[in-house]
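Residue numbers (the working numbering), protein chains in the order written: chain G, 1 to 115; chain V, 116 to 225.
Fair warning: there could be bad hints in the mix.
To be verified - List of simulated lysine-lysine pairs, DSS-like, C-alpha gap at most 30 Å:
# : chain 1 : residue 1 : chain 2 : residue 2
1 : V       : K156      : G       : K13
2 : V       : K156      : V       : K171
3 : V       : K171      : V       : K118
4 : V       : K217      : V       : K132
5 : V       : K217      : V       : K156
6 : G       : K13       : V       : K217
Said to hold, decoys possible - What follows is a set of in silico ranges between Cβ atoms, one per label pair, in the way DEER data are often shown:
#  : chain 1 : residue 1 : chain 2 : residue 2 : range
7  : G       : T5        : V       : D153      : 17 to 23 Å
8  : V       : S127      : G       : Q41       : 16 to 22 Å
9  : G       : P70       : V       : S127      : 44 to 50 Å
10 : G       : L115      : V       : F125      : 29 to 35 Å
11 : V       : D153      : G       : G96       : 24 to 30 Å
12 : V       : E173      : G       : T5        : 24 to 30 Å
13 : V       : P225      : G       : T20       : 41 to 47 Å
It should be emphasised that the hints constitute simulated quantities derived from the structure, not laboratory data.
Just so you know, these numbers come straight off a predicted model, no measurement behind them.
In this text, a Cβ means the ideal position worked out from N, Cα and C, and glycines have one as well.
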Amino acid sequence: ETGVTQSPTHLIKTRGQQVTLRCSSQSGHNTVSWYQQALGQGPQFIFQYYREEENGRGNFPPRFSGLQFPNYSSELNVNALELDDSALYLCASSLGGGGTDQPQHFGDGTRLSIL
Amino acid sequence: ELKVEQNPLFLSMQEGKNYTIYCNYSTTSDRLYWYRQDPGKSLESLFVLLSNGAVKQEGRLMASLDTKARLSTLHITAAVHDLSATYFCAVFSGYSTLTFGKGTMLLVSP
Chain G
1 ETGVTQSPTH LIKTRGQQVT LRCSSQSGHN TVSWYQQALG QGPQFIFQYY
51 REEENGRGNF PPRFSGLQFP NYSSELNVNA LELDDSALYL CASSLGGGGT
101 DQPQHFGDGT RLSIL
Chain V
116 ELKVEQNPLF LSMQEGKNYT IYCNYSTTSD RLYWYRQDPG KSLESLFVLL
166 SNGAVKQEGR LMASLDTKAR LSTLHITAAV HDLSATYFCA VFSGYSTLTF
216 GKGTMLLVSP
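Based on the provided sequences and hints, a complete structural model is requested.
What follows is the structure, given as structure tokens:
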């Protein structure tokens, strides 16, 4: 069973740039959720994709956007990067959308630093 | 807006001692998760609690859920160094949203 994989592991960008982060869900999982974890904080929910549709969104501005592909892998795009976007971005996969009681399985994350 | 509060935020324990981490949340939910995070690593699922009175145990860790009190506890029995990590509770707030607490950093020393 292949776990959740994220790429890249580390990334350095400057303010105003755009970034794309990628996530491959665990085998058999059709739901991907993205989280932002600032240093010393708990993860904050960005959005979730279920069967290629956005299935819920947290309190993040529209410059945070995403996609899910037919193979259930996903991308997180962030435009007009700001210093406060520096964080660990976690992807989690699960089965069955938001209504399931199954735990989400997390990838190792992408550490994004904005200079 | 759902708020999840954990306490303590930092816990230093001696090996062999017992302690409890508390997770309070502000609105009704029937689903609560506990995760562990090692430094620089991702989150590992520990427990899924789905109903009032649910209790789950794995090794030296035991989690419980009281939905009426909106409280979950993570009890550590006879702590060992390997349990040193940050522990998060996360509450399902409907429509796919999972809200995390700030985490409890646990340090177990000899």
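- request: Check each numbered hint against the structure and report the violated ones by number, ascending.
  value: The structure breaks none of the hints.
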